[in-house]
Structures are given as C-alpha cells and as structure tokens.
Amino acid sequence: MVFSVLINQTVHAETKTWKSSDGNWSNDSNWFPFGIPGLADDVIVNPYGGVDTVLRFDSFTGEQFANSLSVNSDTANTISFEQTGGSLVILNLEKVGFGFKGNGSYTLSDGTNTTGSLSLGSGWESNGSFTQNGGVNRINGGLVLGEGPGSFGKYLLNSGSLWVGSEYIGIPGDRYMGGGSGIFTQNGGTHSVSRELVINGTYNLNDGDLLTESERIGDGDGTGRGYFIQSGGTHTVTTDLVVGAGGYYGSSGRYTLDAGSLSADSVIIGSSWSGDGSFSQSGGSNSVSGILAIATSTPLGRGRYDLSGGSLSSGSEEIGFDGTFNQTGGTHTVSNSIINSGTYNTSGGILEIKGGVDNNGSMALTGGATTVGGNVTNAVSGKIEVANSPVIFTGDVVNNGQFKSTHTTVTFTGTYTENGVYISDPSINNFTNLIIGNSGYLVGGTGDEWHITNSFENHSQQNTLWNTLNAGLFFDGSGMKYLYMAGADYGLSSLGFINNFAFRSLNLASGAELNILDGNAASGAALYVQLVNLADGLSQLNDIHSDYNIYYNPTLAGNAYLNGNTYALDGGGVLAPAIPEPKFYVMLLAGLGLLCFAMRRRYS
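The number in this note's numbering is simply the position in the sequence shown, starting from 1, with 21 added.
These aren't lab readings, by the way, just hints derived from the structure by calculation. Wrong hints could be hidden among the right ones.
[Unchecked claim] Simulated DEER-style distance windows between Cβ atoms:
id : residue 1 : residue 2 : range
1  : N357      : N484      : 37 to 43 Å
2  : L513      : T349      : 51 to 57 Å
3  : T392      : N586      : 42 to 48 Å
From the three backbone atoms N, C-alpha and C, an ideal C-beta is built for every residue, glycine too.
Based on the provided sequences and hints, a complete structural model is requested.
Here it is, written out as structure tokens:
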C-alpha cells in the first residue's frame with residue numbers, strides 16, 4: 022500500500038551521500054547535496070572522514086523515503102546503520118556490503134524498515150550483515166545473503182518480525198567460478214517467507230517461528246551446500262521442503278533437528294539429477310502431512326534419514342534405490358504406507374506403520390517396538406529381517422523374496438503367504454493363517470517354532486530346499502485347525518524324513534482339533550515328525566480328522582506314551598511309527614530262521 026501511493030508522486034531524483042561520522046538521518050546537513058533524501062533519491066552511506074561511521078535512525082526521524090540505499094565500506098573503516106525507531110521506506114534495493122571486498126552492517130532494534138529487496142554481501146569477497154533485535158523488517162521482493170565469488174551475508178534475528186517475499190542464503194557458483202555463502206541465525210521473533218527459501222549456506226533456528234511456502238536446502242550445480250540446524254523454535258513449510266535439491270553436477274543439503282518442531286506438507290531428501298540430502302533427528306518433532314521421500318527423483322539422487330530421538334510422523338514414505346532410513350530411537354509413525362526400494366533399518370525406538378509396506382529393497386527391523394498395519398508385499402528382490410525384538414504384522418503379508426526372523430518373536434494376525442523363503446534362526450513365528458505357495462519354502466532348525474492358530478496350507482513343491490527337520494510345528498488354541506500336507510507317503514520308511522517337508526515335532530494344544538487335507542496336486546500325502554505332543558493325551562487322536570497318515574519316531578522318549586503303536590485317525594488315516602514295530606523284528610527273525618532251516622535240508 023505504501024509503494025502504490027508513493028509511486029504516483031512526482032519527484033526529482035538525486036544521489037544523496039552521507040557526510041557525517043555519527044549523525045541522524047533527519048539532519049539536512051548530514052547529506053550531500055544538502056537536505057535529507059527524498060522519495061526518488063539513491064542514498065549512499067560510506068565511512069566519512071576516515072573514521073568508523075554510524076548513521077542513526079530513530080523515532081524522532083519519523084517516516085523517511087528513498088529509491089535505493091547502499092551501506093558500504095571499501096576501506097578499513099566500518100560503516101553501521103542503526104535504526105532504533107521510526108519508519109524507513111526504500112522503494113527498490115537496499116545493499117549492505119557490496120563491490121570488491123566491501124562491507125557494511127545494519128541494526129534494527131525498533132521501528133520499521135520496508136524495502137523492495139535487501140542484499141547482504143554482494144560482489145567479490147564482500148560482507149554484509151543485518152541484526153534485528155526488534156521492530157519490523159518487511160522485504161517485498163528478495164532477501165539475498167552472499168552473492169558473488171567469496172561473498173558472505175549474515176542475518177541475525179533475535180526479536181521482532183521479518184517478512185520476506187523470497188529468500189536466498191548463499192548464491193552458488195559453477196564449475197568455473199565460486200559463489201557466495203551466508204548464515205541466518207534466528208534466536209527469536211517471527212520470520213515469514215511468502216514464497217521460497219533457498220539455502221546454500223547455513224540456517225540456525227534456535228528459537229522463534231519460521232514460516233515458509235517452500236524450501237530448498239542445497240540447490241546448485243555442483244557447488245551448492247546447504248545446512249539447516251534446528252535446536253528449538255517452530256518451523257513450518259506449507260508445501261515442499263527439499264533437502265539436497267541437486268543440479269546436473271550435484272549439490273548437497275543437510276538438516277539437523279535436535280529440538281523444536283518442524284512441519285511440512287512434504288519432505289524430499291535427495292532430489293533432482295544428482296542431489297545428495299541427509300536428515301538427522303535426535304529430538305524435537307517432525308510432522309509431514311504428505312509424503313516423506315528419500316532419493317526417489319532420479320537414479321543418481323542420494324538421500325538418508327537418521328532418527329535417534331524425538332518424534333517423526335508422516336502421511337506416507339518412499340525410499341528410493343539410493344535411499345536409506347535408519348532408526349535407532351525416537352517414535353516413528355506412518356499413517357499410510359511405506360514403499361521401499363532402498364535400505365530401511367530400525368534398531369531402536371518405536372515404529373508404527375498403519376498402511377502397509379511395499380518392499381523391493383532391504384528392511385531390517387532389529388530393535389525397538391514395531392507394529393506394521395495394512396498389507397505387506399515383499400518383492401522377489403526384497404529382503405525383510407526381524408531380529409532381537411518382537412514385531413507384529415496386523416494385515417496380510419505376501420512374501421515373494423526373503424523373510425528372516427532371528428532371535429525374536431514375530432506375529433502375523435492376518436494371512437501370511439510364502440512364495441519365496443522364510444528363514445527362522447531361531448525364533449518363534451506366530452501365524453493365524455500360513456499359506457506356502459508352489460515356489461515357497463521354510464528353513465529352520467533347533468529352537469525354531471511355527472505356531473498356527475487357524476490354518477497351515479502347504480502347497481510347496483520345493484522339497485529339496487525346505488528344511489524344518491529340527492523345528493517345531495504348533496497348533497495353538499482350542500477349536501478346529503487345518504493342515505494341508507505336501508509330503509509324500511513313504512510308508513514306515515525313515516526316508517520320509519528326508520527332503521519331504523518333515524518337522525521335529527507336531528504339537529496340538531488342549532481342546533484343538535486338526536483337519537488334515539492334501540496340499541498339492543499329487544495323489545496322497547503324509548506328514549513325518551519326530552515327536553507327537555498331544556496336550557490332551559491319546560484321547561485327542563479322536564480329534565484328528567485325516568484320510569492321510571502321520572508318521573513318528575517311536576524310539577524317542579517323548580513318544581513313550583504312544584508305546585510304538587499304530588493308531589487309527591478319524592477318516593481312514595493312521596498315526597504310525599516310521600521305524601517298524603518290535604513285533605515286526607520278531608516276525609522277520611522267525612522268517613529268516615525257517616529259511617535257513619529249509620536251505621540246510623536242501624543241501625544235506
């Protein structure tokens with residue numbers, strides 16, 4: 022509004038030069054030509070008289086106007102602009118420190134500074150600084166810190182309000198010429214950027230509020246290096262926060278969150294052609310209402326998120342081929358799904374995924390407390406490992422690659438379908454419904470347990486890869502259970518324990534019934550187990566409904582209650598010893614004796 026009124030006024034432009042070592046803007050004699058600057062004047066403030074120089078602007082100065090303002094020293098003497106009140110309106114550009122090794126400073130403690138744009142440190146190895154301890158600084162266009170080879174801009178916001186259209190902290194160079202850099206430190210106050218904030222320098226947020234429309238940290242063609250360090254305050258990005266925005270030759274961005282709060286619609290780490298981004302969170306809160314994307318833009322983009330403390334919540338997450346997510350602590354909540362084609366590690370803290378997982382990469386859930394809701398699909402190239410700490414999957418899981426459990430308890434409350442390999446080493450694996458497809462198989466040894474509360478459908482044709490000979494199969498809880506068997510029936514021969522889907526033990530809980538069916542297209546089926554544990558004793562054999570046979574090892578002490586006998590099951594199948602019964606040996610020896618007697622009579 023101020024600009025629209027002033028532009029319509031008829032004015033005569035002059036260049037006004039400061040000519041006092043310590044004076045007030047409102048003194049006519051402090052200017053050459055004589056008289057305070059007017060609306061169309063270009064104002065130049067340099068050291069005067071070969072000494073350090075101060076220009077003062079206070080409440081008694083009132084409201085003043087100019088077309089442009091340059092605060093600069095190209096000598097050893099300093100130049101300082103100190104505003105403690107009043108209102109200064111610059112229609113176009115304010116420059117603080119410019120040219121070849123120029124420097125300058127502006128301090129705003131109270132009052133209002135309004136300008137079209139503000140440049141701090143523009144030129145070759147120039148330095149410009151702005152310190153705000155209060156008041157209002159309104160920049161309708163751009164705020165630029167450090168523009169030019171070796172230049173440096175500094176903004177310190179301790180209190181007050183800063184309003185900016187667009188903001189650039191450091192303007193990077195290219196492969197042939199270096200760029201500028203800058204640092205913005207916010208210890209308080211309110212900082213609002215209505216459009217974009219681009220950081221190729223450093224932003225320190227210690228306290229106060231920062232609100233931007235979008236942000237890019239590390240955005241340049243090979244020389245862009247951006248750092249955002251948050252130890253407090255509130256940081257809000259209404260659209261995209263990009264860390265490591267990249268360029269053809271790459272650039273890097275780093276975000277460190279130790280305390281305070283960050284919220285954004287989306288967070289993208291490692292973007293563009295070859296951006297390199299990283300996010301390290303040891304405290305505070307990071308709330309992403311949309312997607313958290315790590316190295317998903319191009320094949321050359323790299324990204325990494327390290328969560329060791331604090332809280333992270335996101336709508337959804339996607340980790341690309343060169344993306345890594347590491348959680349060693351803190352709380353991580355994903356409202357929807359995770360798509361992972363890179364590396365995902367959780368070794369501590371709390372992880373809750375509500376909308377499922379689509380995994381093409383590597384996921385290691387090796388610590389903390391993890392709950393995965395929704396459906397999970399593990400691709401042929403995917404690897405999922407659960408180790409050391411329990412994990413619960415509440416949706417349906419389809420594994421086409423590798424799933425491994427190590428020294429842990431893993432629970433699937435939905436249906437688990439195995440088309441790849443499930444390796445247990447050793448662990449307790451709890452299933453409601455376990456389905457093994459034609460290409461799927463299980464691998465486990467001593468101490469490994471597969472627990473089923475409803476059904477186990479084994480349709481596998483991978484008998485030579487399957488190895489559960491020393492693992493236990495448990496049917497838990499009362500009521501009807503279902504077992505689809507894939508093993509071939511070799512009768513009483515112990516060959517049935519070799520490459521034939523055998524288990525160390527079959528365990529039936531108290532009150533449980535077992536309905537046994539054929540699990541493959543081949544006619545006939547059988548189950549070979551070393552031990553048979555019936556919680557309700559021999560009477561529970563009446564609750565096993567099967568047209569097929571179960572074979573056990575009668576020489577083991579745990580099977581002593583079976584007395585080496587064969588028992589009929591409901592449906593025509595039997596529970597039989599895989600090694601012949603003792604009376605078979607008696608009959609065999611008797612037969613051999615008669616044969617020998619007959620041969621002796623023949624040759625006598």
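Quick rundown of the hints versus the structure:
Restraint check, N357 to N484: a C-beta distance of roughly 40 Å satisfies the suggested window 37 to 43 Å. The hint said 51 to 57 Å for the Cβ distance between L513 and T349, and at roughly 55 Å that hint holds. Between T392 and N586 the beta carbons are some 47 Å apart, a value that agrees with the proposed interval 42 to 48 Å.
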